[in-house]
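Visitor: Protein chains in written order, with numbering that gives the first Met the number 0: chain S, 0 to 253; chain R, 0 to 253.
Calculated from the structure, these hints are not laboratory results. Quick caveat: nothing in here was measured; it's all calculated off a predicted structure. Watch out, some of these pointers could steer you wrong.
Identical chains blur together in the list; that is why a pair holds if it fits in one copy or across any two.
Unchecked claim - Here are the simulated DSSO-like pairs of lysine-lysine, each with C-alpha atoms no more than 27 Å apart in a straight line:
id, residue 1, residue 2
1, 221, 233
2, 208, 63
3, 186, 233
4, 233, 51
5, 221, 51
6, 208, 233
7, 221, 63
8, 186, 63
9, 233, 62
2 protein chains.
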Amino acid sequence: MLGRCAARALGALRGLREGAPPARSPGPSRRLLSSEKVSDKNHSLPKPCWSKDMRLLFDQFMKKCEDGSWIHLPSYEYIATQRSQDFPTFIHAYFPTASELINKEKLSQGRLFTRSFEDGLGFEYVMFYNDAEKRIVCVFQGGPHLQGMPGFFHGGAIATMIDATVGMNAIVSGGIVMTANLNINFKRPIPLCSIVLINSQLDKIEGRKLLVSCNVQSVDEKILYTEATSLFVKLNPEKEFDIKDLVLKSAPPA
Amino acid sequence: MLGRCAARALGALRGLREGAPPARSPGPSRRLLSSEKVSDKNHSLPKPCWSKDMRLLFDQFMKKCEDGSWIHLPSYEYIATQRSQDFPTFIHAYFPTASELINKEKLSQGRLFTRSFEDGLGFEYVMFYNDAEKRIVCVFQGGPHLQGMPGFFHGGAIATMIDATVGMNAIVSGGIVMTANLNINFKRPIPLCSIVLINSQLDKIEGRKLLVSCNVQSVDEKILYTEATSLFVKLNPEKEFDIKDLVLKSAPPA
């Protein structure tokens, strides 16, 4: 079970990928980019667009969180570090060769892909983490704008939610990571606007490599839609604590 | 090189996945669902949001189309069959066990995932097909709403464009298909708002299986960002001609 301190660190790490602001703010300053819009809406809480089944599953998992064995992960549109003038430092620290290629004008418009749709039309999801079992369960309600073959989700939309879920599992287990491989077996098409469970499991850590697998099932677990394995690589591990510090310094006041 | 008849068939097949209306309309009727919105905008033509580089690449490939060796593939938001009251017939023919699971109320709001963003914010792309070489090249300009790690595209957004491109290659080569496997190696993160080339190649057809590979490169071909292999399975091949007919019957008047 994660303690409070661990949960804070988890919040900081999570912020880098998922847009969650860190759990505390040790620094007095918050230096926003002038052209930036701010949204602090937590998308992991119930919304009117969530179906009855989605709310029911949310309530069931929140119940499991009461004894601390599961943790409800928040999710925000904007990345905490990106709000800060320190952002170029972050980019340069982790991606020195790529930093010059980034279009800095457009960066201020950047929005997390999985949170860039209007409520109910795209990705509605909430993740729960079990630290003892190194598992994440994502409850996912896909909207009508995720269509591929008529009547079904696009394979890319499924791949996106898989990447988001296994990626979060890798982040909470290993820190700042990038997807290196994603191998997805699509067993059955998923009807548009379904609610599904994405069950992710950390299988192994080998040095900087993290192996995470997952499956996508119907809510009653009777239909196995998709299976996937993934490989993540930790970035620049010797800088991890610097980056954590950077994230914390760029947090909004508590 | 595809002849006119082949091009018509290609248009019909394409319509099922990519939302392109078929090239001709043999039937007088077009039976729209009452709650449906209609958009016939071809997203594969230059738009104000396309960058100078994107337009340049478009012009270069259009030049290659002049001798017929390459074909410019159109792309629409709505799937031709979905506009029709025959749509439930299509679903039942191809997915008899899944058809009952589909939420018919929400289906009328269905939009192709890769065309569901406002111009310039999400997926801007155009595909060109070379029949002799069984290749598709996709010119892709990703918008700021496709962000994953701050400053870079989300892995799911890249997976989506890969699935769309290799899927189109499988469709033009094999008819109605579904993705069975997608295996992606992410070699370098792609800076947000980049333009990249997705080069797809049909490698093999084995019965109902089609193997398609691709890579994602920088426009100058100096940076290899991603490599992928995929497996597609033809659906219910004995019904293929019925479905083609269904598509043509549901086409708008010429």
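Visitor: Hint by hint, which ones does this structure get wrong, listed from lowest number up?
Guide: 2, 4, 8, 9
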